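Using the hints, position chains B, C and D with the ligands against chain A.
Each chain is listed here by its residues.
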Amino acid sequence: MVDIPRSEFLQLYYYLLLTRTLEERITALYRQGKIVGGVYTSYGMEAISVGYAYALQTDDIIAPFHRDMGAYLVRGITPGEMVAQYLGKRTGPTKGKDGNVHLGDLKRGIFAFVSHLADNLPVATGAALAFKIRGESRVVATNVGDGGTSRGDFHEALNQASVWKLPVVFFCCNNQYAYSTPLENQMAIADVVDRAKAYAIPGEIVDGNDVAQVYVTAQRAIQRARNGEGPTFIECKTMRVHGHSEHDSAKYVPRELLEEWKEKDPILKAERMLKELKYADEGALHLVQERVDKEIQKAVDFAEKSPMPEGSEALEGVYAENPVEVQA
Amino acid sequence: MVDIPRSEFLQLYYYLLLTRTLEERITALYRQGKIVGGVYTSYGMEAISVGYAYALQTDDIIAPFHRDMGAYLVRGITPGEMVAQYLGKRTGPTKGKDGNVHLGDLKRGIFAFVSHLADNLPVATGAALAFKIRGESRVVATNVGDGGTSRGDFHEALNQASVWKLPVVFFCCNNQYAYSTPLENQMAIADVVDRAKAYAIPGEIVDGNDVAQVYVTAQRAIQRARNGEGPTFIECKTMRVHGHSEHDSAKYVPRELLEEWKEKDPILKAERMLKELKYADEGALHLVQERVDKEIQKAVDFAEKSPMPEGSEALEGVYAENPVEVQA
Amino acid sequence: MTLATTQHEVTYLEAISEALDEEMTRDEQVFLLGEDIGPYGGAFRVTAGFQKKYGAWRVLDTPLSESGFVGAAIGAAMMGMRPVVEMQFADFISCAFDQITEMAAKNHYRWGAAVPLVIRAPYGGGVHGGPFHSACPEAWFFHTPGLKIVAPSTAYDAKGLLKASIRDNNPVIYLEHKFLYRRMKEVLPSEDYIVPIGKAEVKRVGSDISLITYGAMVPLALEAAELLEKEGIDLEVVDLRTLLPLDTEMILESVRKTSKAIVLHEDTKTGGIGAEISALLAEYCFGSLDGPIIRIAAPDTPVPYSPPLEEFFLPKVDDVLTAARQLAAY
Amino acid sequence: MTLATTQHEVTYLEAISEALDEEMTRDEQVFLLGEDIGPYGGAFRVTAGFQKKYGAWRVLDTPLSESGFVGAAIGAAMMGMRPVVEMQFADFISCAFDQITEMAAKNHYRWGAAVPLVIRAPYGGGVHGGPFHSACPEAWFFHTPGLKIVAPSTAYDAKGLLKASIRDNNPVIYLEHKFLYRRMKEVLPSEDYIVPIGKAEVKRVGSDISLITYGAMVPLALEAAELLEKEGIDLEVVDLRTLLPLDTEMILESVRKTSKAIVLHEDTKTGGIGAEISALLAEYCFGSLDGPIIRIAAPDTPVPYSPPLEEFFLPKVDDVLTAARQLAAY
Ligand SMILES: Cc1ncc(C[n+]2csc(CCOP(=O)(O)OP(=O)(O)O)c2C)c(N)n1
Ligand SMILES: Cc1ncc(C[n+]2csc(CCOP(=O)(O)OP(=O)(O)O)c2C)c(N)n1
Ligand SMILES: [Mg+2]
Ligand SMILES: [Mg+2]
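Line by line, the protein sequences give chains A, B, C and D.
For what it's worth, the numbering used here labels the leading residue of the first sequence as 101, then goes sequentially.
For what it's worth, the numbering used here labels the leading residue of the second sequence as 101, then goes sequentially.
For what it's worth, the numbering used here labels the leading residue of the third sequence as 2, then goes sequentially.
For what it's worth, the numbering used here labels the leading residue of the fourth sequence as 2, then goes sequentially.
Excised from the complex, chain A in its bound form (with noise of 0.2 Å):
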């Protein structure tokens, strides 16, 4: 069992509630055609998204990717404007510009992800870059899928991360499926964490679906970077147990996969171990659950009276403004 204090597991139990509940919310509207785009979820992988993001300091940096909801809520993205967001309304971070789960905020301390996959890990080794030139104890985590991992992105971003001893922190969510390509088809090993070795990373394995031991291990490696002892590579297993996205039935994952990993749902077990360690009974959970479900509906009530953008905001922020002096 793991020790983590009483009030702290409850957070990350309220944490894994709402990124479930919010995510199964915003599939329920694109059910009901009213998010134009597409939903990926991380449905059953909520923990380590919780979990990492939950072991940072304010004024760290998260660069995330598209399954991870739960950084985003931890690091203060409202529900209300991840709703807006997904709607497409003027309320949302990215003010309609962007959709879904590309958005970024500096001051929570969020890049924004963008499609194109491992391309937030260079990113997010400039960062910690740009603490260690400044001599900032600040630490930046970032997250890439196992498919994600197979980019050239990766690859040169781990070599410089290791190079230059940077405070970062690379979470990989290995949900054994990139889309419809097995693990096996998208890299010769078993463990993704073997990839570390190729730079003189230091590699761990968890089990993704158990907020705690991700919760402690990503503290541990925070830790590590934030003493300037340079970046950590861990690997978080797990399971897609949705589609890709919520128009894909997944019928290419074999069914007894599926039912394997339902039993060992990332909330589930949490439950279990807040029982366990007697920090929560049924009753308290429930509580929790209702103050999620108020939440959430506050949140779609707000996304949806909120206005969408003009067409003409269309035209606004391609370039940042300067400062008078330089523009002549």
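Incorrect hints may appear among the rest.
No more than 25 Å apart at the CA atoms, straight line, and that leaves these computed lysine to any residue pairs for SDA-like [unchecked claim]:
id, chain 1, residue 1, chain 2, residue 2
1, A, Lys351, C, Asp22
2, D, Lys270, B, Glu410
3, D, Lys200, A, Tyr419
4, C, Lys270, D, Leu253
5, C, Lys204, C, Glu230
6, B, Lys265, A, Tyr352
7, A, Lys134, A, Gly411
Pair ranges (Cβ atoms, derived) [to be verified]:
id, chain 1, residue 1, chain 2, residue 2, range
8, A, Pro423, B, Glu304, 52 to 60 Å
9, D, Tyr194, B, Asp393, 56 to 64 Å
10, A, Pro423, D, Lys54, 21 to 29 Å
11, A, Pro423, C, Ala330, 42 to 50 Å
12, C, Gly81, B, Ala128, 36 to 44 Å
13, A, Arg355, B, Arg234, 33 to 41 Å
14, B, His386, D, Lys54, 48 to 56 Å
15, D, Pro246, B, Ser349, 38 to 46 Å
16, B, Asp393, D, Glu10, 43 to 51 Å
17, A, Glu416, C, Arg184, 27 to 35 Å
18, B, Arg234, D, Arg183, 51 to 59 Å
19, A, Leu368, C, Arg184, 42 to 50 Å
Honestly, the hints are just simulated from the structure, not real lab data.
On a predicted model such as this, the values are computed, not experimentally measured, just so you know.
Even glycine gets a Cβ: it sits at the ideal position worked out from N, Cα and C.
For chains B, C and D with the ligands alone, coordinates are given in the frame of chain A:
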């Protein structure tokens, strides 16, 4: 002592000497201002290039890098063509379109190198993929510098080679520098071969200045590939005892390192071995040098007498022609 | 050959599948590679069932490595294969940019090695894909000698141009417009045919103004032409079909006839292909021009996600009407 | 500030070094990264001595990973640093293409995060570099909203534009022409100055024909202008200096005055920046034009290596003379 028949060892020696002498002559032409572009030699690294190329069969393919003069010569590019190439003559394999070792010839199984380092690696795997799809027992050998292994294309190429179990052998000419950048600023691992672990590709380290060792190791890996057992990565340890190019004095390299490696010169080493094996005495070796000198002189004469291309030839060959039925 | 024996109506998307299927049957060297094209049949299901039919090595799922698998396709092409790469979305072609521009495009010029390679790129907006699933990447490659680029607007052209691309000995960027996938339908010939690379087509003959366009803007232009007809303005609609090499002859011929030109594309304006067409006209057609050359294109921004923004961003029928009326007044 | 106290003659290359040096002293957030820029001082010695002065972390040698270190620069820029990346040669920018076009260029539009980043790219031909060391990469980025591109032709502009680029809150591609490095020299002001991004400059006032160009073609155009003067043709030479955003106003103003235009660039023709300029003129200057808009550019091929080929490939003074005479006859 390795077990290489006399005739083969003597041929390896011939190619080592041919490479060295040709590049020295090209450098001399460069100093005379006859070569307008840069000159990057394989001085002190000839054993790698000669050794792996010599281990291949006629219908195999090489995808060399910029210090692979030996491989071009072993594959049958004549010294005359090569000098013509450097001089930008029409008789060079690129007809003046490209310079120095940027040349190829499909008939002789050579893919032309492009400057962008490591770009040749995915392309090498593609030839191997063609062989695999068509069930041919041909093999591809490719070469990359220590610096080149930091590029994303290195990662993507090795990964797919391993996932698809392709008949390709990756050689790495680790000469401890990439231009002015020493290995420790390039990667945090001491042996480049550790990169191969990320792909479950078997790796080997060889003395890159020992042509016999390179050759024998290459033979084994090539046979493995031909047997359908997949790729191998072979790190050849050597040292760039000259500057990055002939206009670089390489003051950034510690003098002791240079001294140390000058003694390990691959040609001196081959000569010592030939004598120890009683394959050749001083006189016999001298005869090889004479033969080589004559060839190179002929080559330079040929190239110098060759015509430059006409300016308007610049417009030719951007597109491959199509059979009439495709043109419509 | 697996040619259908009777005439049949197919969508633009089905036309692409048919072309691939027929070419794979016709020529053993043709093979497909890309992400999720195997058992899954591709993000847009273009290759559904192909792996069953042709096996895992000719319909090859790749790791998530655009540069790697485009590079592999180049290598295989040099060995005589005819690889057809699928980009899951055209947007991701930026990851393979270096292999395309430095390796594939320059190979034949430098040392005579042909690279018969097709890169299929599902492109374009109007499907609420946002900044990373709506790209029109053509202008980047338009400025890269050694490449060819095609961009069909109908099912007929989609099939014929894909076949021509596969049979071409050069690297071809094949732009298939996502918005047209299921919206364009027509009856195709049952015999084998190609649409030649390098040939534009007048999709509507007109006498007053030439509108030069391609891709998803072709149906939009035709719609505009019908409305303009009622106003007495007779629009000629030239569908480029091939973007590189441009069919300069047909473009000039049309404008010499009408003496007025509108250039329309969905891609953003500055440095788009429309600029080249304007420039060609301004140099080689100057004497025939009776009015300014008007360009209609998306504004210079990334493609926004939210529907009102994307609607604003994309060129509209109204833009064509306004431009045509303005030119008609000259 | 480490400003020189007296006026001094510096080369284009030295002007770049000075700008970097002064900006690094002025602003602690400015730092440099790239291959071999540290102890070695860079392939062209632009940063010789810098690492000694500013330390290894502000003059950072990178692994051989263009995408990686451009990505790192983007991340650092978002944290308030002002990174200046050196490409060893502009050609290798293709390896970082994805990070530049998808990450740096779209960031501010999507979520308001500024990316104050400069990428220095030694570019251009005339130095016998062949297909991979001579590139003019501007057109690719010209079609990428969110970027800025500058391309100075003089030492004065080189220094002033680099300072402006470093102080700009957007990603700027800074094109420094290798051919001009040691050929252009001039006395620079001793005080701090910038050349504003977005402003072209008339480098020679003329009344008969406007020639619009940039980079290494500026001295060539000025040479042609002197020769033409003897024939009684008075050429106005507009140096764009900034390619994105274009100084449309000055371009149009010049051509409205002269009523004739030549567009000249070293880069290959099809889809080059010249096309956009022609297109702008053909649309917004149509009424003032007294002749066709003539483009002069390199032919659509890779840059060849052998001297006679490269000479043939590059635009020449003669090309300008021919075009000017042709236009003068209108
Ligand atoms: C460079 C790039 N290529 C292709 C895609 C299309 N794509 C989106 S998600 C995905 C699978 C990602 O797999 P993985 O990295 O394992 O993340 P997961 O979705 O499994 O969490 C693909 C291929 C992309 N986004 N980026
Ligand atoms: C992608 C890319 N970036 C930069 C360069 C410029 N460059 C040419 S050779 C070289 C060093 C190469 O080092 P390495 O791979 O170790 O090969 P070596 O020259 O040491 O044999 C560099 C940086 C290049 N050719 N390609
Ligand atoms: Mg996955
Ligand atoms: Mg090296």
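Here is what the structure says about each hint:
A hinted pair counts as satisfied when its Cα atoms are at most 25 Å apart, and Lys351 (chain A) with Asp22 (chain C) qualifies at roughly 24 Å. Among the hinted pairs, Lys270 (chain D) with Glu410 (chain B) is consistent with the structure: their alpha-carbon atoms are about 21 Å apart, no more than 25 Å. For the given pair, Lys200 (chain D) sits about 17 Å from Tyr419 (chain A) by alpha-carbon distance, which is consistent with the 25 Å threshold. Note on Lys270 (chain C) and Leu253 (chain D): the hinted pairing holds, with a Cα-Cα distance of about 18 Å set against a maximum of 25 Å.
Of the pairs offered as hints, the one joining Lys204 (chain C) and Glu230 (chain C) holds, with about 15 Å between alpha carbons and a cut-off of 25 Å not exceeded. Between Lys265 (chain B) and Tyr352 (chain A), the direct Cα distance comes to roughly 23 Å. Compliance with the 25 Å bound is thereby established for this hinted pair. A threshold of 25 Å between alpha carbons decides the hint, and for Lys134 (chain A) with Gly411 (chain A) the separation of about 19 Å falls inside it, so the pair holds. In this structure the hint that Pro423 (chain A) and Glu304 (chain B) lie 52 to 60 Å apart at CB holds, the actual value being about 58 Å.
Restraint check, Tyr194 (chain D) to Asp393 (chain B): a C-beta distance of roughly 60 Å satisfies the suggested window 56 to 64 Å. For the pair Pro423 (chain A) and Lys54 (chain D), the supplied restraint of 21 to 29 Å holds, since their beta-carbon distance comes to about 27 Å. For the hinted restraint 42 to 50 Å between Pro423 (chain A) and Ala330 (chain C), the CB-CB distance of approximately 45 Å keeps it satisfied. For the pair Gly81 (chain C) and Ala128 (chain B), the supplied restraint of 36 to 44 Å holds, since their beta-carbon distance comes to about 40 Å.
Taken as a hint, the range 33 to 41 Å holds for the pair Arg355 (chain A) and Arg234 (chain B), whose Cβ atoms sit roughly 36 Å apart. Between His386 (chain B) and Lys54 (chain D) the C-beta distance comes to about 54 Å, which sits within the given range of 48 to 56 Å. For the pair Pro246 (chain D) and Ser349 (chain B), the supplied restraint of 38 to 46 Å holds, since their beta-carbon distance comes to about 43 Å. In this structure the supplied range 43 to 51 Å holds for Asp393 (chain B) paired with Glu10 (chain D), their Cβ-Cβ distance being about 49 Å.
Between Glu416 (chain A) and Arg184 (chain C) the beta carbons are some 31 Å apart, a value that agrees with the proposed interval 27 to 35 Å. Between Arg234 (chain B) and Arg183 (chain D) the C-beta distance comes to about 53 Å, which sits within the given range of 51 to 59 Å. For the hinted restraint 42 to 50 Å between Leu368 (chain A) and Arg184 (chain C), the CB-CB distance of approximately 45 Å keeps it satisfied.
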